[in-house]
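*Asks:* Below are the chains, spelled out letter by letter.
4 protein chains.
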Amino acid sequence: MTDTADTQPGWFSDEELENIRGRMPVLYVQAVPVRVDETGQATHFGLLMRAAPDGSFNRSVVSGRVLYHERVRDALLRHLEKDLGPVALPRIPTAPQPFTVAEYFPTPGVTPFHDPRQHAVAMAYIVPVSGDCQPRQDALDLIWFTPEEAASPKVIEEMTGGQGVLLRQALAHVGHAP
Amino acid sequence: MTDTADTQPGWFSDEELENIRGRMPVLYVQAVPVRVDETGQATHFGLLMRAAPDGSFNRSVVSGRVLYHERVRDALLRHLEKDLGPVALPRIPTAPQPFTVAEYFPTPGVTPFHDPRQHAVAMAYIVPVSGDCQPRQDALDLIWFTPEEAASPKVIEEMTGGQGVLLRQALAHVGHAP
Amino acid sequence: MTDTADTQPGWFSDEELENIRGRMPVLYVQAVPVRVDETGQATHFGLLMRAAPDGSFNRSVVSGRVLYHERVRDALLRHLEKDLGPVALPRIPTAPQPFTVAEYFPTPGVTPFHDPRQHAVAMAYIVPVSGDCQPRQDALDLIWFTPEEAASPKVIEEMTGGQGVLLRQALAHVGHAP
Amino acid sequence: MTDTADTQPGWFSDEELENIRGRMPVLYVQAVPVRVDETGQATHFGLLMRAAPDGSFNRSVVSGRVLYHERVRDALLRHLEKDLGPVALPRIPTAPQPFTVAEYFPTPGVTPFHDPRQHAVAMAYIVPVSGDCQPRQDALDLIWFTPEEAASPKVIEEMTGGQGVLLRQALAHVGHAP
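Residue numbers (the working numbering), protein chains in the order written: chain A, 91 to 268; chain B, 91 to 268; chain C, 91 to 268; chain D, 91 to 268.
What the hints contain is simulated information worked out from the structure, not anything from laboratory work. Every value quoted in this text rests on a predicted model; they were computed, and no experiment measured them. Don't take each hint at face value.
Just so you know, same-sequence chains aren't split out, so a pair can sit in one copy or run between any two.
Unchecked claim - Keeping only pairs whose Cα atoms sit at most 20 Å apart, straight-line, the calculated SDA-like set for lysine to any residue is: (1) Lys244 with Ala267; (2) Lys172 with Glu128; (3) Lys172 with Thr129; (4) Lys172 with Asp127; (5) Lys172 with Ser220; (6) Lys244 with Pro206; (7) Lys244 with Ile233; (8) Lys244 with Asp222; (9) Lys244 with Asn148; (10) Lys172 with Ile233; (11) Lys172 with Asn148.
Here chain A stands alone, though its shape is the one from the complex (with noise of 0.2 Å):
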C-alpha cells in the first residue's frame, strides 16, 4: 500500500517502526473521494497521482495510520486534509461501519492486497468532498474520474498493491458496475 505523505510518524523511531510493522499488524485508514450531485449520487473519483521511490508514478486512494489515542474519523479526517489540502471539506462518515475491509499482507497472493512493507489492515471509507483540492506535499496531483473512467483497466493498472481492487470495490458499493 502506498502511504501518503506520513508526516506523523507516531512516538516511534523509525527503527521501531520498521521493527513493529514486521511482527504486527498495522491499522490503516483508507479514503476514497467522491464528488457527488444533490442525490448522494457519485459522479467522480478522485485519485492522486504519485511519485513512487523507485521513480515511476501510480494513482492512489488516500491512505494513512491510525495514530495512539487518534479516533478512526480523526485519522480519517488528518490524512484528507493533508493529501487533499485544507479546503477540500471532506465529509467524514457518520458511521464507523467501513465499507469494506482491504488486508496488505507483505506476502502476495493472500488477500488481493499486498504491501512488501508490512502487514497493513485498513478500514475503508467512501469520502464525500465537496470543496477545492490542493494535493500538497509528496501528491503531484489529484484527478478525477467518471464512474466509467475509474472502472476502465486503464486507471486500474496505474493502481499498485490491490488499490485498483479497492476502488472498484468503492465502484460497487455505491452501486455503479465496478
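Given the coordinates of chain A, assemble chains B, C and D onto it according to the supplied hints.
*Replies:* Same frame as chain A, but now just chains B, C and D:
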C-alpha cells in the same frame, strides 16, 4: 408508521391505494436527520413533532413512499425537502445500502414495527443536514436532541409504531449507546 | 429482472398485478448463493441457468417478490427453497441490512439495472448454502463458479438486466476482485 | 476490553507487547455469538462469564488480537474456537465489512469504549453458532440470552469497558430493539 406529508399520492386514487395497501408491501424510505461535527460524529438527532389524526402528538423521523419510476435517492431527497424545507441541505448517502430495513406490519408483534394501515417496508438512512430546517406542511416542529436525550425513555415513548426502535438503531449505527 | 419461478402470485389476478406493476415500485429480494469455507470465505458463486420466454438462455441469481404480510427473511427463504430445492440449507443473513439495493427501471439507463416489465426495487443479500442444491421448476441448472470465473466477461455477458453488475457487486462485497 | 484467553501472544515478549500497547493502536476482532432460526433471525445471544483479575465476574463477547500475517477471518475463527470450543461450528461472515468498529481508549469518555491497558480498535461481527459450545480456559461459562434479556439493564451492567454498548449495537443491527 406515521407518513410525513405525502403531497404526491402517485398515480393512484385514494381508493386504489387503500386497496393495494391491503394486498402488497409498500416501499418506503425513512431518514434520520443528524447534525454532525467536522469529523462526521453525529452530535444531534432531528425529530419531527406532528399531530396525529386523533389529535395527539408524536415524534417521528422523515418517512415516505417511493413512487413509480423514482430512484430511492430521489425519494429520500424529496421527502427530506418536503419535511425540512428547501434549504436544509441534506447530504443523501452515496451508497444505496441502508443502515437497516424496518418492516412495518399491520399485525403488531411480527417485527418491532407496526402500521395499522399497511405492510410497509422502509429502507432507513442516516442523513446529515447542514442547512436551516423549516418544517412545513403538517409537521409542527423539528427538534434537535443530543444522543443522550434521543436515547432517553421520554423521547422514545413519544414515538409510535416502533420508530423509537428505529431511532435507537440509528444511534447504535453511528457509534452511540442506543 | 428475470423472476425465478413465482408460484405464489399473491392475492392479485395477473391483470391486477400487471396494472400495479405499471404504477408503483414492486419490492423484491435477490440472493447470491455462495459456497464458503470454514473461515467464511466465498469460494464459489451459484448461478441459475434458465430459459427465457424467447427461447434463449441466461444466467441469474435467485430473485422474487416479497408478498403481503411476509417478512423479508421469509421471502428470501421461500425463493431460495423454490429455486435451489428443499435441502440446500441456505443460511439467511442475521441482519436485515442488504449488501446493496438494485433498482430495476423499465427505462434503460436510469440505473445499471433494467426490467422492461416493471419498476422493481430489490434488496440483495449474499447467502451461503451448505446443502445439496436441486434446481427445480423452470430453472434448468445451477452452476458453481470460482470468483475468477464469476468475474469473467463470458459469465457476466450471459446475465441480463444488469444482474452481471449485481454479481460483481457481490464479489466486491465479500472481498474478491469484482 | 476483556481479552478472552489469549494463548498466542504473537512474537512479542510480554514486555515488548506492553510497550507497544502504550504507543500504537492494537487491532482486535470481536464476535457476538448468536443462535439463529432457519430464517436467520437471532433468537439468542451468547455471553461468556469470566473472572476478572480482581476476582469479580463479568460478561463479555468473544474478543482477541489479530496476529501478524493473520487474516481477520482467521483471527475470528481462532478466537471463537478458543472461547467456545472445537465443535461450536461458528459461521464466520462472508463479508469483511464489520457491523461496527469499537474503539477502546485508555482514557474513558473519548468513545463509549474503554480499556485501561491499551488503545484497541475492534472490528465487530455477529457470528451464528450452530454447534455445541464448550467454553474453556478462563471462560467459566457461556450463557444464551433472549433478545429481551440481552437488552435488559441487569445483563448490560455486568459487562465492562463498554461491551454492553457493543451488545446493544449488535441487537440493533440484527433488527431487535436495543
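*Asks:* All the hints need checking, so say for each whether the structure fits it.
*Replies:* Hints and how they fare:
1. Lys244 with Ala267: This pair counts as both: shortest intra-copy Cα distance 16 Å, inter-copy 16 Å.
2. Lys172 with Glu128: between (26 Å within a copy, 15 Å between copies)
3. Lys172 with Thr129: between (28 Å within a copy, 15 Å between copies)
4. Lys172 with Asp127: between (24 Å within a copy, 19 Å between copies)
5. Lys172 with Ser220: Answer is within: at 16 Å inside a copy they meet the 20 Å cutoff, but 24 Å across does not.
6. Lys244 with Pro206: Classified as neither: same-chain Cα gap 23 Å, cross-chain 33 Å, threshold 20 Å.
7. Lys244 with Ile233: This pair counts as within: shortest intra-copy Cα distance 14 Å, inter-copy 32 Å.
8. Lys244 with Asp222: neither (26 Å within a copy, 42 Å between copies)
9. Lys244 with Asn148: Close inside one copy (12 Å), not across copies (30 Å); limit 20 Å.
10. Lys172 with Ile233: Answer is within: at 16 Å inside a copy they meet the 20 Å cutoff, but 36 Å across does not.
11. Lys172 with Asn148: Cα proximity of Lys172 and Asn148: one copy only (18 Å, versus 43 Å across).
Hints 6, 8 from the list above are not met by this structure, while the remaining hints are.
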